[in-house]
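Start from the sequences, fold in the hints, and give me the full structure.
Line by line, the protein sequences give chains A and B. All residue numbers for the first sequence refer to my numbering, where the first residue is 37 and numbers rise by one. All residue numbers for the second sequence refer to my numbering, where the first residue is 152 and numbers rise by one.
None of these hints come from the bench; they were simulated from the model. Backbone N, C-alpha and C define an ideal beta-carbon position, used for all residues, glycine too. Watch out, some of these pointers could steer you wrong.
[To be verified] Distance windows between CB atoms, simulated:
no.: 1; chain 1: B; residue 1: LEU323; chain 2: A; residue 2: PRO271; range: 34 to 44 Å
no.: 2; chain 1: A; residue 1: ALA299; chain 2: B; residue 2: LYS316; range: 49 to 59 Å
no.: 3; chain 1: A; residue 1: LEU121; chain 2: B; residue 2: LEU192; range: 38 to 48 Å
no.: 4; chain 1: B; residue 1: THR398; chain 2: A; residue 2: ALA299; range: 18 to 28 Å
no.: 5; chain 1: A; residue 1: PRO253; chain 2: B; residue 2: LEU377; range: 32 to 42 Å
no.: 6; chain 1: A; residue 1: ALA218; chain 2: B; residue 2: GLU187; range: 23 to 33 Å
no.: 7; chain 1: A; residue 1: ARG197; chain 2: B; residue 2: LEU420; range: 49 to 59 Å
no.: 8; chain 1: B; residue 1: LEU323; chain 2: A; residue 2: ASP332; range: 18 to 28 Å
no.: 9; chain 1: B; residue 1: LEU192; chain 2: A; residue 2: GLU52; range: 53 to 63 Å
no.: 10; chain 1: B; residue 1: LEU323; chain 2: A; residue 2: ASP340; range: 25 to 35 Å
[To be verified] DSS-like cross-link-like pairs, simulated, lysine-lysine; straight-line CA separation at most 25 Å:
no.: 11; chain 1: B; residue 1: LYS368; chain 2: A; residue 2: LYS212
no.: 12; chain 1: A; residue 1: LYS343; chain 2: B; residue 2: LYS313
no.: 13; chain 1: A; residue 1: LYS63; chain 2: A; residue 2: LYS109
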Amino acid sequence: MSVVVIGLSHRSAPVELRERFAFAENKIPDALKQLSESGLITEGVVLSTCNRVEIYAATALSPDDAFFARVKKFLVEHHAYDGELGDELYTFAEPHSLHHLFKVAAGLDSMVIGETEIFGQLKKAYDLAFSHKHTGARLNKAFQRAFNVAKHIRTETNIQRGSVSVMSAAVELAEKIFTSLAEHEVLVIGAGETSEKTARALQSRGVRKITVTNRSPERAMALAAELGAGTTTVPFENWPEEFERIDIAVSSTAATTHILDRAKLEPLMKRRKHRPLLLIDIAVPRDIDPAVSELDNVYLYNVDDLKAIADEYLKLRHEELDRCNEIISEKVAALLEANKFSATAGSK
Amino acid sequence: MAWFTDRHCFLLAVMFYGLSTVYSVFLWRKGFRRDEWVNYLLLAGGVALHTLAMAKRGMTLHSCPVNNLYEATTFLLWALGLACLIYSLLPRFKFLTAFTAPVLFTVGIFALMPSLDPHGSKPEFSGALRSLHAATILQSYGAFGLAAVAAGMFLMQQHDLKFHKLRALLSLLPSMQRLEFITFRLVAVGFALLTIGLTAGAWLPRHEGKPYLSDAKVLWSALMWLAYLESLVAYKIFGRTSRRFATGVIVLFAILLLTFGITNHLSVLHNQ
Numbered sequence: 037m038s039v040v041v042i043g044l045s046h047r048s049a050p051v052e053l054r055e056r057f058a059f060a061e062n063k064i065p066d067a068l069k070q071l072s073e074s075g076l077i078t079e080g081v082v083l084s085t086c087n088r089v090e091i092y093a094a095t096a097l098s099p100d101d102a103f104f105a106r107v108k109k110f111l112v113e114h115h116a117y118d119g120e121l122g123d124e125l126y127t128f129a130e131p132h133s134l135h136h137l138f139k140v141a142a143g144l145d146s147m148v149i150g151e152t153e154i155f156g157q158l159k160k161a162y163d164l165a166f167s168h169k170h171t172g173a174r175l176n177k178a179f180q181r182a183f184n185v186a187k188h189i190r191t192e193t194n195i196q197r198g199s200v201s202v203m204s205a206a207v208e209l210a211e212k213i214f215t216s217l218a219e220h221e222v223l224v225i226g227a228g229e230t231s232e233k234t235a236r237a238l239q240s241r242g243v244r245k246i247t248v249t250n251r252s253p254e255r256a257m258a259l260a261a262e263l264g265a266g267t268t269t270v271p272f273e274n275w276p277e278e279f280e281r282i283d284i285a286v287s288s289t290a291a292t293t294h295i296l297d298r299a300k301l302e303p304l305m306k307r308r309k310h311r312p313l314l315l316i317d318i319a320v321p322r323d324i325d326p327a328v329s330e331l332d333n334v335y336l337y338n339v340d341d342l343k344a345i346a347d348e349y350l351k352l353r354h355e356e357l358d359r360c361n362e363i364i365s366e367k368v369a370a371l372l373e374a375n376k377f378s379a380t381a382g383s384k
Numbered sequence: 152m153a154w155f156t157d158r159h160c161f162l163l164a165v166m167f168y169g170l171s172t173v174y175s176v177f178l179w180r181k182g183f184r185r186d187e188w189v190n191y192l193l194l195a196g197g198v199a200l201h202t203l204a205m206a207k208r209g210m211t212l213h214s215c216p217v218n219n220l221y222e223a224t225t226f227l228l229w230a231l232g233l234a235c236l237i238y239s240l241l242p243r244f245k246f247l248t249a250f251t252a253p254v255l256f257t258v259g260i261f262a263l264m265p266s267l268d269p270h271g272s273k274p275e276f277s278g279a280l281r282s283l284h285a286a287t288i289l290q291s292y293g294a295f296g297l298a299a300v301a302a303g304m305f306l307m308q309q310h311d312l313k314f315h316k317l318r319a320l321l322s323l324l325p326s327m328q329r330l331e332f333i334t335f336r337l338v339a340v341g342f343a344l345l346t347i348g349l350t351a352g353a354w355l356p357r358h359e360g361k362p363y364l365s366d367a368k369v370l371w372s373a374l375m376w377l378a379y380l381e382s383l384v385a386y387k388i389f390g391r392t393s394r395r396f397a398t399g400v401i402v403l404f405a406i407l408l409l410t411f412g413i414t415n416h417l418s419v420l421h422n423q
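Dropping the structure here:
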């Protein structure tokens with residue numbers, strides 16, 4: 037009995053094809069049942085996310101080309117796909133299948149390397165198969181090891197370190213300046229999508245209060261309503277007055293000139309008794325004059341600065357890949373050895 | 152083991168501080184990315200040997216070992232090292248050791264100069280009030296020293312954040328707000344201890360014919376006390392910016408370290 041993988045992902049197939057082969061969650065148990073009844077597999081887990089559709093299976097058959105051709109045929113027929121298929125579908129037999137499973141669990145095969153969402157998705161896929169009794173000794177062991185390896189990689193390497201999006205970089209910056217965001221208020225200038233995302237990221241870290249201001253008060257109120265409790269609005273002409281209370285300002289208006297410059301901020305900083313102020317300018321063209329960062333206790337980051345942080349983190353994650361692959365190779369070898377031992381013990 | 156004196160013990164402690172300094176350079180080059188214990192353990196080894204050295208000297212003297220410039224300096228360093236070990240246990244404060252070790256090492260080398268300890272372990276003065284005077288003042292210097300270290304960490308973080316250096320995010324240092332708070336608290340504690348120590352000193356019996364108010368050490372101590380008071384008042388009441396406050400704390404401690412030995416030497420009251 038060996039573990040095999042067949043599937044397609046963001047690396048091999050465009051989104052149009054991925055969505056064509058996606059499994060609805062409630063249809064997965066039936067699909068696994070059909071595969072088992074066909075005699076192709078004895079155990080199976082289907083992982084279906086927006087970036088990948090994969091079948092992890094344990095089979096008593098020899099995992100050769102003929103075997104994979106039959107599974108491909110099943111997939112094509114199951115999804116009633118009548119188009120051409122080339123290299124979009126990949127197949128792995130042991131040990132590469134286990135290597136792939138461990139990589140997926142650790143987020144090494146994800147679009148954003150090191151992301152953790154896939155870990156939860158894989159766990160959910162496994163739980164679904166387990167609850168419908170589609171897993172057995174082989175896949176149970178492989179998946180448990182995969183989850184352990186993912187946790188090990190997370191703690192032993194820097195693969196998940198740092199913010200790889202502009203919004204999370206902004207939050208990380210805030211946490212480097214202020215001890216607890218729960219004691220600080222945020223002013224959001226402009227009610228666009230980026231403002232909303234950044235405000236949500238800050239909100240998720242527990243900021244005390246968010247105040248929204250926009251040239252159109254209706255849009256400000258709509259965003260405040262979207263953000264929910266603890267969010268208020270102020271008229272656009274009054275936002276400078278908020279600077280006495282707030283410690284973080286996120287600006288993304290459509291203004292063509294600077295809405296905040298040094299001359300405007302200097303007296304405001306005096307009024308706030310020079311408390312640290314984090315300014316996040318995600319507007320293009322920029323809302324805040326770069327000269328304000330010459331003021332003491334003012335920390336200004338624009339969208340390029342945040343993007344540079346995210347890119348640098350991504351680069352660091354890529355540098356960690358070799359270390360992660362080494363760990364995975366070791367763990368796969370150990371699992372195969374353990375499987376060999378239990379197979380020998382079982383045959384005696 | 153009679154040949155193994157308290158000075159040998161202190162020499163070993165300084166060697167540990169030296170190792171910690173070398174390791175600190177390595178941590179600094181790596182951008183303080185790993186929250187680890189090696190430097191903490193090196194410094195803890197140094198402080199343990201340092202404590203042993205002071206205990207040996209104290210047992211020989213049958214009093215608190217703060218009788219000459221060597222003892223005063225080692226006491227100051229011990230207070231600084233011990234406070235650093237305690238504060239380093241706070242989350243994300245382990246790197247305090249990397250900033251403290253160079254101070255302990257360089258001042259430790261200075262303390263080992265034989266001229267600072269001319270008579271070895273022989274008591275040069277006695278009395279509870281004298282011990283209280285010397286011990287609290289030296290502890291206050293330890294607090295000021297640690298405040299300067301925290302202020303240094305604050306300025307480094309502020310510079311990195313201001314100039315968009317990735318090290319600000321990658322390093323496992325505390326937030327700027329926390330560093331600022333710790334710096335203020337240490338200066339306040341140091342100031343309180345200095346006030347107690349100076350008050351105890353003022354109550355000590357005066358020697359006839361020896362000037363008190365014009366004594367170099369008394370004048371210097373009064374000036375240091377005023378300088379720290381000004382720093383605290385300007386920051387807390389008159390809104391001095393955190394960068395200026397932190398810079399002031401570092402400058403004041405540097406002045407304290409550089410002039411401590413000289414004023415002690417010039418003081419008639421402290422050389423009788």
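Any hints this thing doesn't respect? Which numbers, in order? Result: hints 2, 3, 5, 11 break, sorted rising.
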